[in-house]
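Trainee: The lines below spell out each chain.
There are 2 protein chains.
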Amino acid sequence: MLKLFEYNWQVRNEWFNWCEQADEHELTKERTGGMGSILYTLYHIVDVEYSWISGLQGREPQYVQFEDCADVRKLREYAARCRAEIAPFIHGWKDDLETNVLTDQNNEGEWENFSYGEIMRHVIAHEIHHIGQLSIWSREIGKKPVTANLIRRGLFKEEIKAEGKHSL
Amino acid sequence: MLKLFEYNWQVRNEWFNWCEQADEHELTKERTGGMGSILYTLYHIVDVEYSWISGLQGREPQYVQFEDCADVRKLREYAARCRAEIAPFIHGWKDDLETNVLTDQNNEGEWENFSYGEIMRHVIAHEIHHIGQLSIWSREIGKKPVTANLIRRGLFKEEIKAEGKHSL
Numbered sequence: 002m003l004k005l006f007e008y009n010w011q012v013r014n015e016w017f018n019w020c021e022q023a024d025e026h027e028l029t030k031e032r033t034g035g036m037g038s039i040l041y042t043l044y045h046i047v048d049v050e051y052s053w054i055s056g057l058q059g060r061e062p063q064y065v066q067f068e069d070c071a072d073v074r075k076l077r078e079y080a081a082r083c084r085a086e087i088a089p090f091i092h093g094w095k096d097d098l099e100t101n102v103l104t105d106q107n108n109e110g111e112w113e114n115f116s117y118g119e120i121m122r123h124v125i126a127h128e129i130h131h132i133g134q135l136s137i138w139s140r141e142i143g144k145k146p147v148t149a150n151l152i153r154r155g156l157f158k159e160e161i162k163a164e165g166k167h168s169l
Numbered sequence: 002m003l004k005l006f007e008y009n010w011q012v013r014n015e016w017f018n019w020c021e022q023a024d025e026h027e028l029t030k031e032r033t034g035g036m037g038s039i040l041y042t043l044y045h046i047v048d049v050e051y052s053w054i055s056g057l058q059g060r061e062p063q064y065v066q067f068e069d070c071a072d073v074r075k076l077r078e079y080a081a082r083c084r085a086e087i088a089p090f091i092h093g094w095k096d097d098l099e100t101n102v103l104t105d106q107n108n109e110g111e112w113e114n115f116s117y118g119e120i121m122r123h124v125i126a127h128e129i130h131h132i133g134q135l136s137i138w139s140r141e142i143g144k145k146p147v148t149a150n151l152i153r154r155g156l157f158k159e160e161i162k163a164e165g166k167h168s169l
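In the order they appear, the protein sequences are chains V and H.
If you use our numbering, the first sequence corresponds to residues 2 to 169, in order.
If you use our numbering, the second sequence corresponds to residues 2 to 169, in order.
In short, the hints are calculated from the structure, not lab data.
A portion of the hints provided could be inaccurate.
Chain copies aren't distinguished; within one or between two, either way the pair holds.
Once the Cα atoms are required to be at most 25 Å apart in a straight line, the calculated SDA-like pairs of lysine to any residue come out as [to be verified]:
1. K144 <-> D96
2. K144 <-> T100
3. K4 <-> Q58
4. K162 <-> Y79
5. K158 <-> N101
6. K144 <-> T29
7. K95 <-> C70
8. K145 <-> I91
9. K144 <-> L3
10. K30 <-> R77
11. K162 <-> D48
12. K30 <-> E99
13. K95 <-> T29
14. K30 <-> D72
15. K30 <-> G118
16. K145 <-> W94
17. K30 <-> A85
18. K144 <-> A85
19. K4 <-> Q106
20. K75 <-> W112
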């Protein structure tokens, strides 16, 4: 589970770097589909991860509204603060948390039960999906997107080293 | 790991259904970014999963070229055949396979080592990323995309039931 969060955090960071090299008006320009703009998509990714994982931690999240972090530097700072708050839970994840249940009220006011494992995977998939959307918009404005490859990121270096007997 | 493959297979199937309701020329129309068309993206998703997992199985994949399955019915059949071949490996996944190493030759002819855990997560993230791209194209042609939510799909029904003591 941790590896997929680390992957998302790497990719997200590379998108912040990408944003720093892009025209500012392209970042907030309204686009078709998804969350509507590049910067708002990145905000939404941070927001959704922070919200669900705070729920699993039993903490009250201290949100910042989009209007108050609607540039790359501020959003990056907000993302770093959110990540610092949730990281202990992600790093402390154990398989026996899988079947714990979070009870959450949805937008229609109904109470729903989710297993912790369901929430964790939802958060992972949520970010990857939205990053896929950014990659299309990136090409539309003529810029190369951040690579989405999970392999060749050094995320599994230790695992490969530990199995040296198989290496070339 | 299995849950994320099941999620991808559900979503993929819903995209095939979506394709059946779409104008055929929209499916093969060349688009900006990603793999260039909706149908080819779905082919690419099937192809990449089949290729990597066959590698982990030590099997020689029996590919079908895109030209030979370039409509929804044929691609669905090919996807079903590929999935049937790889499903035993996915269903039989155990954590102690994580650090096994696959040695693979890349496009530049260099040999690379990957842990099985790295490959599995790469395949999962690969599909979710490309599905995100489809969701943008879907809105561009004025159609509602398949939901990408991982929650509320019934994937964790058993886990919730087993923890009945927490339920409302």
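Trainee: As a check of your reading, is K30 near R77 (CA-CA no more than 25 Å) within one copy, between copies, both or neither?
Mentor: within (19 Å within a copy, 37 Å between copies)
Trainee: If the cut is 25 Å between Cα atoms, do K95 and T29 qualify within a copy, between copies, both or neither?
Mentor: For K95 and T29, the Cα distance exceeds 25 Å both inside one copy (39 Å) and across copies (44 Å).
Trainee: At most 25 Å between alpha carbons: which applies to K145 and W94, within, between, both or neither?
Mentor: Answer is neither; intra-copy 35 Å and inter-copy 35 Å both fail.
Trainee: Please work out whether the CA atoms of K145 and I91 approach to 25 Å or closer within one copy, between two copies, in both situations, or in neither?
Mentor: Classified as neither; 31 Å inside a copy, 33 Å across copies.
Trainee: What label fits K162 with D48 when the C-alpha limit is 25 Å: within, between, both, or neither?
Mentor: neither (36 Å within a copy, 29 Å between copies)
Trainee: Give the relationship of K144 and A85 under a CA distance limit of 25 Å: within one copy only, between copies only, both, or neither.
Mentor: Answer is neither: 30 Å inside a copy and 38 Å across each miss the 25 Å cutoff.
Trainee: At 25 Å max between alpha carbons, let me know whether K95 reaches C70 within a copy, between copies, both or neither.
Mentor: neither (33 Å within a copy, 43 Å between copies)
Trainee: For the identical chains here, do K162 and Y79 meet the 25 Å Cα criterion within one copy, between copies, both, or neither?
Mentor: Classified as neither: same-chain Cα gap 35 Å, cross-chain 37 Å, threshold 25 Å.
Trainee: Measure nothing new, just compare the shortest in-copy and cross-copy C-alpha distances for K144 and T29 to 25 Å and report within, between, both or neither.
Mentor: Close inside one copy (16 Å) and across copies (24 Å); limit 25 Å.
Trainee: My question is about K4 and Q106: at a cut-off of 25 Å on alpha-carbon distance, are they close within one copy, between copies, both, or neither?
Mentor: between (29 Å within a copy, 24 Å between copies)
Trainee: Using 25 Å as the alpha-carbon threshold, which applies to K75 and W112: within, between, both, or neither?
Mentor: neither (34 Å within a copy, 42 Å between copies)
Trainee: If the cut is 25 Å between Cα atoms, do K30 and G118 qualify within a copy, between copies, both or neither?
Mentor: Close neither inside one copy (36 Å) nor across copies (38 Å); limit 25 Å.
Violated hints, in rising order: 1, 2, 4, 7, 8, 9, 11, 12, 13, 15, 16, 17, 18 and 20; the structure is consistent with all others.
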